[in-house]
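Here the structure of chain A is known, so what remains is to put chain B in place on it, guided by the hints.
There are 2 protein chains.
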Amino acid sequence: MYEEILPQIITTNDTKLLLLVLDGLGGTTNQDGVTELEAANTPNMDALARAGSCGLHLPVGYGITPGSGPGHLGLFGYNPIKYQTGRGILEAFGVGMHVNPGDLAVRGNFATLKDGLIVDRRAGRIPTELCRKLVAKLREHIKQIEDVTVDIEAGKDYRFAVVFRGPDLSDKLSDADPQIVGKPPKPAEPLAPEAEKAARIVNKFIQMATEVLADEHPANTVLLRGYATLPDIPKYEEKYKLRALGIASYPMYRGLAKLVGMDTPPVGETIDDEIALLREKWNDYDFFFVHIKKSDSYGEDGNFEGKVKIIEEVDAKLPQILDLKPDIIVITGDHATPSVLKAHSWHPVPLLMKGRYTFADDAQKFSERECAKGILGHIPAEAIIMLMLAAAVRLLKFGA
Amino acid sequence: MYEEILPQIITTNDTKLLLLVLDGLGGTTNQDGVTELEAANTPNMDALARAGSCGLHLPVGYGITPGSGPGHLGLFGYNPIKYQTGRGILEAFGVGMHVNPGDLAVRGNFATLKDGLIVDRRAGRIPTELCRKLVAKLREHIKQIEDVTVDIEAGKDYRFAVVFRGPDLSDKLSDADPQIVGKPPKPAEPLAPEAEKAARIVNKFIQMATEVLADEHPANTVLLRGYATLPDIPKYEEKYKLRALGIASYPMYRGLAKLVGMDTPPVGETIDDEIALLREKWNDYDFFFVHIKKSDSYGEDGNFEGKVKIIEEVDAKLPQILDLKPDIIVITGDHATPSVLKAHSWHPVPLLMKGRYTFADDAQKFSERECAKGILGHIPAEAIIMLMLAAAVRLLKFGA
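Chains as they are written, first to last, in my numbering: chain A, 4 to 403; chain B, 4 to 403.
If you are wondering where the hints come from, they were derived from the structure by calculation, not from laboratory data. Predicted, not measured: the structure shown is a model, and the values here were computed from it. Do not rely on the hints blindly, as some may be mistaken.
When chains are identical, the list treats them as one kind, so a pair holds in a single copy or across two.
As a list, the in silico PhoX-like pairs of lysine-lysine whose alpha-carbon atoms are at most 20 Å apart [stated by the list, open to error]: (1) K85 / K400; (2) K400 / K345; (3) K207 / K146; (4) K328 / K284; (5) K312 / K368; (6) K189 / K200.
Chain A extracted, bound-state conformation (with noise of 0.2 Å):
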């Protein structure tokens, strides 16, 4: 956002800026006519409601229920429709896997091939404690191709990631996944010319995952799509010249955070171990990202009074956050998942924002209807950073 001029009006001072995701966070009313949000008790963010400013962010659009990718890249400032991660790359994001610039990263599913045709894509949904296996197989068998070493870690069930690393791979192949059972495996195509030799290693790699498992069953054989390599995505230091700290207990989020420049060290599966962590970095850093994976979980799994207890558990929390001062505190979503919908959703986000100089609106409470009457009014997620340097005094005055 406004990318033009924000080099001219960046600044830099010691303020601390945190921004705290509740994942899946919004939410829609349920047969009570009430939210996730507006049932839980959550003293300590109202307070803040009640003395900060409030509002609601739009992630990707009007009626665009965001993925995990959109939804972060929305929140730490970048438009998600022009910085595109491809599945290939938040699937290796989601099994711990570093991607770098110029790396390919694929989707893989083990599948059972049988008389020359793919009978099963899912390899009769083989457990993954079996998938993990298999790619310790083929790990071994398989780690270099021409000038392109191979990474493969095992996801979910039948389900794995790889990253091709190497020059020259380009992401523009057609998927090696003839979509439905009964045909011939299919392979990858270049759809443009620099793509060529990409499409001849992620053959060469399935030809020879085929031979690592001919004697497996139902397992032998893999399909790849969803190939992509990392958006030029402008990074943090450079872009708001922020030293920013992820947060995050699941992989896929400190992926993301990765992504536009953040550190990103392991952290516990806790609360407690993430606060621990911002805690002991807090003066190491200008910006903190700080994920909380369960909100999102539960209310994916339609469980209202789960997502409720996790937003409750976070603001009981909160004043371990606030002990450390932040200039200024973000508390929002990436998006809504709404446990009546039980999926992620496009409605709007609330949002909640604390600093010294932000205006006491008259919000009474955290919640999407107090949001909705806030100064803030609704925002692209995008605008969230920029408020966030605003409220910091980081940003220069524009123009004379």
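Frame of chain A; chain B shown alone:
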């Protein structure tokens, strides 16, 4: 809107979407501080407002007063600045003519020619009945020019519309109208090389019409302007995967609906006729646009009470529409027509949306000031169809 990502997220299901447009619904406050919608007694719309989501929409842009064309194209989900429908097309639609791709539609005036000069650009504002007679005479004598067939239809008073149908017709022509009296007739001139044929045809038409009308008085010649071919607009079936039905008593709105690919059967003049058609066709379509004209007409007449009564009439009949159980219903206007202005205006337009997954916000009735408190906020008209599709679960998640 979001044209680059829509094809990857649009999907289908068996939901029914209903867009009820009260033309010119929006208002501004009168001397008593209320709008027509605020003054109207609308228990059914108010109940929907309480149960659903409210907001305000901006038809074209801040401060922009839309004509009927841009007002509806915005509601239909098209950027009304990008997709402009020329005057000739709206004139032809207004008199119930079909305009097909490649056709050149033109507005005509009967005028008075004396001693080689245009002495009255409206031929003494001849009555509609005479206009019809003269158009019948022109129609009889001018059926074809070169390989172009000519369709003529009378409008109100001295106005008529012509549609030229044939190959290679461009609308890049100057008006064949001197604009002020006391000047000689002005032929159409091509404004681009590809418009030479169209200029020749149009000028031939004027010459032939002037010959046919030689013995008439005062309508003894014609002026032609507002040349327009159809904009190349993606249709509903292709863009939104919706089988759409447009229900409108007035031909102009059927024309606009047809422009975006809706079926537009003829319908009687009353709201009851429109509802009867809606009920009859309910099983055959996914999307229904129902247009109520008279709210705008009364606004334009400065008849506050008349506009209030039409709104109340629609409200009283709303249960018949709700009985059909649309999965998502939107009630709004294409623009404001405040009776204090006696004209279309730029004011934001109240918007109400109710479906299974819409947020039950704090708006207590359907009115401008309650809509300003709604969860939807202020949105561009283009966003409405996106929110309808989302609420009908017809948009897939964007990105992983």
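Now for the hints, and whether the structure bears them out:
no.	hint	verdict
1	K85 / K400	between (27 Å within a copy, 16 Å between copies)
2	K400 / K345	between (44 Å within a copy, 13 Å between copies)
3	K207 / K146	within (12 Å within a copy, 68 Å between copies)
4	K328 / K284	within (14 Å within a copy, 56 Å between copies)
5	K312 / K368	within (17 Å within a copy, 33 Å between copies)
6	K189 / K200	within (17 Å within a copy, 52 Å between copies)
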